[in-house]
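Participant: Note that the sequence shown covers residues 1 to 338 in the UniProt record's numbering.
Worth flagging that the hints you see were computed from the coordinates, not collected in a lab.
Among the hints, a few may not be true.
Claimed, not checked - Below, a list of computed lysine to aspartate or glutamate pairs in the EDC-like style, where the Cα atoms sit at most 20 Å apart: (1) Lys59 / Glu125; (2) Lys212 / Asp253; (3) Lys88 / Glu60; (4) Lys242 / Asp253; (5) Lys59 / Glu37; (6) Lys59 / Glu114; (7) Lys59 / Asp48; (8) Lys212 / Glu114; (9) Lys59 / Glu180; (10) Lys212 / Asp277; (11) Lys212 / Glu225; (12) Lys248 / Glu189; (13) Lys88 / Glu114; (14) Lys2 / Glu125; (15) Lys160 / Glu174; (16) Lys2 / Glu189; (17) Lys160 / Asp47; (18) Lys212 / Asp257; (19) Lys87 / Glu125; (20) Lys59 / Asp47; (21) Lys2 / Glu119; (22) Lys248 / Glu271; (23) Lys242 / Asp257; (24) Lys212 / Glu238; (25) Lys212 / Glu300; (26) Lys248 / Asp277; (27) Lys2 / Asp30.
Said to hold, decoys possible - Here are the computed distance ranges between Cβ atoms for each label pair: (28) Ser241 / Glu300: 21 to 27 Å; (29) Asp257 / Ala230: 23 to 29 Å; (30) Asp257 / Gly317: 24 to 30 Å; (31) Ser66 / Met229: 45 to 51 Å; (32) Arg24 / Pro260: 39 to 45 Å; (33) Asp143 / Gly186: 30 to 36 Å; (34) Ser241 / Ala183: 28 to 34 Å; (35) Glu174 / Cys338: 35 to 41 Å; (36) Pro293 / Met229: 31 to 37 Å.
The beta-carbon is built from N, C-alpha and C at its ideal position, and this holds for glycine as well.
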Amino acid sequence: MKHRLVVLQHGSHGTHRDLGCLARFLRALDSPPIVLEPQVNEGFRTDDGVVVCGARLAKEVVRFLSGLCSGESLGPAAHMTPLVDGKKTVQLSFVSYSMGGLIVREALPQLVREVQRHEGCLRVEWKVFCSIATPHGGARHMDAFIRSYVGRLIGRVYSKAYHDMFLQSNVLTERLISAEHLASLGLFEHRLLISSMHDLLVPLMSSGFMLKPSQFRGMSPAAREEREMAMCASSEEEMHSKRHRIVKLTSEDWPHDHYPVERRIAEAMLEGAGAFDSILVDFSHVQKHCDDPHTRRTAEQLSHRALVCKEPICQMGLEEVFCFVSRWVANVLAACHC
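All chains, please: the whole structure from these sequences, using the hints.
Facilitator: This is the structure:
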């Protein structure tokens, strides 16, 4: 019997409850995995930056894995049968939201080293790395108003995390695309990027390694609309059918002179870690076909939160409208952990 573990990592100023919708879907599966929801980086602790938060996450996951090796009781759901060679096998996946994806990427090399230290009793199968609305290429080109607000926030309260995500440090441009970090990311059998077309906080180029049709010069409005329809998923079924495999960046898909720094980061991740499946979600169908102003506002302005049903989505009674993304992720994990 293999032990199936899914680690959920929240984003900036978040809590473990931010991915609660996904956690509930995972625990409701016919054969549910163990869901680990670390709390070591909650709230303003994310202001310590990607590197510090990554170290905390690595320590927490190592503690959990060490419990498996030592036979420590982790609850009934964590029971595991050793293989005949005495090793315990863990199928390990990570689902991260927003800045959480950067935290996981920073933690991976430390986790790999610890797994190697425990190779006499532990075998890890690296299954799925899934990032949802993660600014892998930074957040410099977010919506102008939001960007201005965040800039003022940084001026008042020092946040290492925002310096990292605005590419004012070398964490995203050098550290996370080092050979060791990319090799660790490359261990996963599946790498998924989930983005929202109308995310006001994280640009699509950063979270999904794609440009919006509106960012191509000389494209007619009709061609843009046709391209958007081909790219975007508006349901769980379309998330399957419109899953884009990105192996390398071409000049046609992303011209070299468009956002060159962000392009270099995406290119390095593809070359160093391997292909990614990118899924672009569009909530505009909700906005167009719903009379409720709260739902329309959420689809238009809060799509970054709606991707994971982060509050105030549930408080507004809209979890059922937007939860298809979390349900899709849970089903993908179930299939990969079979």
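Participant: Each hint: holds or not?
Facilitator: Checked hints:
1. Lys59 / Glu125: It holds: about 19 Å lies between the C-alpha atoms, which stays within 20 Å.
2. Lys212 / Asp253: 10 Å, holds
3. Lys88 / Glu60: Holds: Lys88 and Glu60 sit about 19 Å apart, inside 20 Å.
4. Lys242 / Asp253: 16 Å, holds
5. Lys59 / Glu37: With Cα atoms ~13 Å apart, Lys59 and Glu37 stay inside 20 Å; holds.
6. Lys59 / Glu114: 10 Å, holds
7. Lys59 / Asp48: Cα-Cα ~16 Å, so holds.
8. Lys212 / Glu114: 40 Å, violated
9. Lys59 / Glu180: Satisfied, since the Cα-Cα distance of roughly 18 Å is no more than 20 Å.
10. Lys212 / Asp277: Roughly 17 Å separates the two Cα atoms, so the pair holds.
11. Lys212 / Glu225: 11 Å, holds
12. Lys248 / Glu189: 17 Å, holds
13. Lys88 / Glu114: 15 Å, holds
14. Lys2 / Glu125: Holds, at about 10 Å.
15. Lys160 / Glu174: 16 Å, holds
16. Lys2 / Glu189: 16 Å, holds
17. Lys160 / Asp47: Holds, at about 5 Å.
18. Lys212 / Asp257: 15 Å, holds
19. Lys87 / Glu125: 12 Å, holds
20. Lys59 / Asp47: 18 Å, holds
21. Lys2 / Glu119: Between Lys2 and Glu119 the Cα gap is close to 16 Å, so the pair holds against 20 Å.
22. Lys248 / Glu271: Roughly 7 Å separates the two Cα atoms, so the pair holds.
23. Lys242 / Asp257: Not OK: Lys242 and Asp257 at ~27 Å, beyond 20 Å, violated.
24. Lys212 / Glu238: Since the Cα atoms of Lys212 and Glu238 sit roughly 18 Å apart, the hinted pair holds (cutoff 20 Å).
25. Lys212 / Glu300: OK: Lys212 and Glu300 at ~16 Å, within 20 Å.
26. Lys248 / Asp277: With Cα atoms ~11 Å apart, Lys248 and Asp277 stay inside 20 Å; holds.
27. Lys2 / Asp30: The given pair, whose Cα atoms are some 16 Å apart, holds under the 20 Å limit.
28. Ser241 / Glu300: 21 to 27 Å: About 25 Å separates the Cβ atoms of Ser241 and Glu300, which means 21 to 27 Å holds.
29. Asp257 / Ala230: 23 to 29 Å: 24 Å, holds
30. Asp257 / Gly317: 24 to 30 Å: Hint violated: Cβ distance 46 Å, outside 24 to 30 Å.
31. Ser66 / Met229: 45 to 51 Å: Distance hint for Ser66, Met229 holds at roughly 49 Å.
32. Arg24 / Pro260: 39 to 45 Å: Given a distance of about 41 Å, which is inside 39 to 45 Å, the answer is holds.
33. Asp143 / Gly186: 30 to 36 Å: 32 Å, holds
34. Ser241 / Ala183: 28 to 34 Å: 32 Å, holds
35. Glu174 / Cys338: 35 to 41 Å: Between Glu174 and Cys338, where Cβ atoms are some 38 Å apart, the hint holds.
36. Pro293 / Met229: 31 to 37 Å: 26 Å, violated
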